[in-house]
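> Residue strings, one per chain:
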Amino acid sequence: MKPSAPAVWAPAGPGAPGAPGAPVPGSALRGRRTAGLAVLLVLLAACAAGSLLIGARAIAPAEVWRVLTAPDGGEASAVVWSLRLPRTAIGIAVGAALGTAGVLMQSHTRNPIADPGILGVSHGAALGVVLGVFLLGMSDLASFVWLAIAGAVIASTAVFAIASGGSRGPTPITLVLAGAAMSALLSGVISAIVLLDHSSLEVYRFWRLGTLAGRPMEVFWQVLPFIAAGLALAAANAPGLNALALGDDVATALGQRVRLTRAAGVLSIALLTGAATAAAGPIGFVGLAAPHLARAITGPDHRWTVPLAAPAGACLVLAADIAGRVVRGNGEVEVGIVLAVLGAPFFIALIRRGRMIAP
Amino acid sequence: MTTDRSPSPTGPEGPGPRLRAEGATLGYGETVVTRDLDFAVADGAVTSIIGPNGCGKSTLLRALGRLLRPRSGQVLLDGRPIARTPPRQVARTVAVLPQAPLAPPGLTVGDLVMRGRHPHQSWYRQWSSSDAGEVARALEMTGMAGFAERPLERLSGGQRQRAWISMALAQGTDLLLLDEPTTYLDLAHQIEVLELVRALNRDHGRTVVMVLHDLNLAGRYSDLLVAMRDGAVRASGAPGEVLTPDLVAETFGLECKVVPDPVSGSPLVVPVGVRTEEG
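Those sequence lines, one after another, are chains L and S. Add 414 to a position in the first sequence, counting from 1, and you land on the number used in this note's numbering. Add 7 to a position in the second sequence, counting from 1, and you land on the number used in this note's numbering.
Since the hints were derived computationally from the structure, they do not count as laboratory data. Mixed in with the good hints there might be a few duds.
[What the hints assert, rightly or not] Derived, one-sided and incomplete: chain S residues facing chain L with beta-carbon distance under 7 Å:
#1 74
#2 76
#3 83
#4 86
#5 88
#6 94
#7 98
#8 103
#9 105
#10 109
#11 111
#12 122
#13 125
#14 126
#15 130
[What the hints assert, rightly or not] Over the 12 Å line for every Cβ pair with chain S, so calculated as not near, a few chain L residues:
#16 456
#17 500
#18 557
#19 568
#20 601
#21 602
#22 619
#23 652
#24 663
#25 674
#26 736
Built from N, CA and C at the ideal position, the CB exists for glycine as well.
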């Protein structure tokens, strides 16, 4: 009858190196991932130190250290405590949030050029601020935070609901399309309001630059719970993303609840991007580049990419903010502008070296 | 070689097939593909579902694998409706390899197969030595142990399909469902995959259900064939009972002669021509 099967399956491929029962693969990669995480954390510490030390007013490192450990109410103490420290803390929080949101965004949409703003989150945050100025006459940065976060969460919830409309639930394509439509709609509404109302335009123009400067420490404490919740949700999302990366069918076959995973991902993106935008205004590029930096180190494993993208994003934001302080003698350039100008060529170099790996 | 697996946590509840569909009506969107279908997977056998394009064979396989929820009726695993069983628990008993799975660029064979352990892992327990053992065993069973460090895109078609099957095997299930595992492969690679499937059944005790297009290969490598047309099962049984000129004509609209395969003795369908019933 039928030919008997070989008792042991013999590999038919060209020369199979490595004996059966070889150690579990990937130990070299694991070493690289750990080393990469360590390097990023050291870099982040260096950027944070630089952010405290470098500024328009020259203060000696020893003096910075002295007022940090023992605030004395003097001028140096005031500069460090009320300007540089809040700005550094907000920079780390914003960078970590945008980097992490970027990984989730690119993975959930399977789109290597997706930016956290793609779900309409940034425009939702902006509309929240504009409406606050236009309808409620607000002008205080701290009160913008709540409006921006509310706007971001509402916009992304609407996008998720629209994207879930089809019979197959939210897919990468419906998410991107619904996000693009929502962004277009919201930016139309924002334009209409700022054209209508001059005071809204003034506030919006300043807010939309994207800067860490002039934020009191209060802003950091306001956004911190949202960013912490978003990061925790992202960490919980990471193993599911590894399954989703193999396609919705394979993920389902592996026992992953696809819809729930997407919902958690979108909520995390909304919290992270909304809080970051609330704290510093819209800052581009970080959410796009940090995931690629992280992935170049980790390869395609979200349990590593997600935690590495946070310090990568924080380093990018702090480094750009420091560069913005030193590039012009007395004034400074907003971090959003620096990131766009310095970031783009760096990113192009990354692509040209072939180090860009799709999610 | 004996079966290398312990029974699944749920275990078979009494006699009878472990996986079956009862009165299942299946479809996508507005379209109904099959109505009120009963189907039972023969335990311990290799079953191939055959039939013309659009007959509902993949739809049935997807429903058996919990990738598609029946409109009405149900799919039972060990006597329990799979729609009401926790997804991870189902995934520890039934492995499904769907058509056209995606692999992120740079993903190595080892990484892919590790993801097959997903249903056994929780957020706080990501990796254990038993996971490592199952992954190594899955790679050995498919002869892919030597390729663990290689990215998927640098494999031949047959090797790549073996890598995906390894991932499904790493789930450590008794039941394995394969949706067109030989599509897009050249003949040598099709044979490579089907020899593997049979070895998994004979040497490792896996129950296998697959959707196949090639009748002759289905006849050669299966214990049972199920012929479907228009969403209904037209015939099922041993290859010799299903692959007859009459049934092939009725199911596929293909006039053919059936001769014994000179190598395996299994029925070999030799086409004569296509019947055009309605001109």
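> Does each hint fit the structure? Answer for all of them.
Against the structure, the hints:
no. : hint : verdict
1   : 74   : holds (5 Å)
2   : 76   : violated (10 Å)
3   : 83   : violated (18 Å)
4   : 86   : violated (20 Å)
5   : 88   : violated (16 Å)
6   : 94   : holds (4 Å)
7   : 98   : holds (3 Å)
8   : 103  : holds (4 Å)
9   : 105  : holds (4 Å)
10  : 109  : holds (4 Å)
11  : 111  : holds (4 Å)
12  : 122  : holds (6 Å)
13  : 125  : holds (4 Å)
14  : 126  : holds (4 Å)
15  : 130  : holds (6 Å)
16  : 456  : holds (25 Å)
17  : 500  : holds (34 Å)
18  : 557  : holds (37 Å)
19  : 568  : holds (29 Å)
20  : 601  : holds (32 Å)
21  : 602  : holds (32 Å)
22  : 619  : holds (41 Å)
23  : 652  : violated (9 Å)
24  : 663  : violated (4 Å)
25  : 674  : violated (10 Å)
26  : 736  : holds (33 Å)
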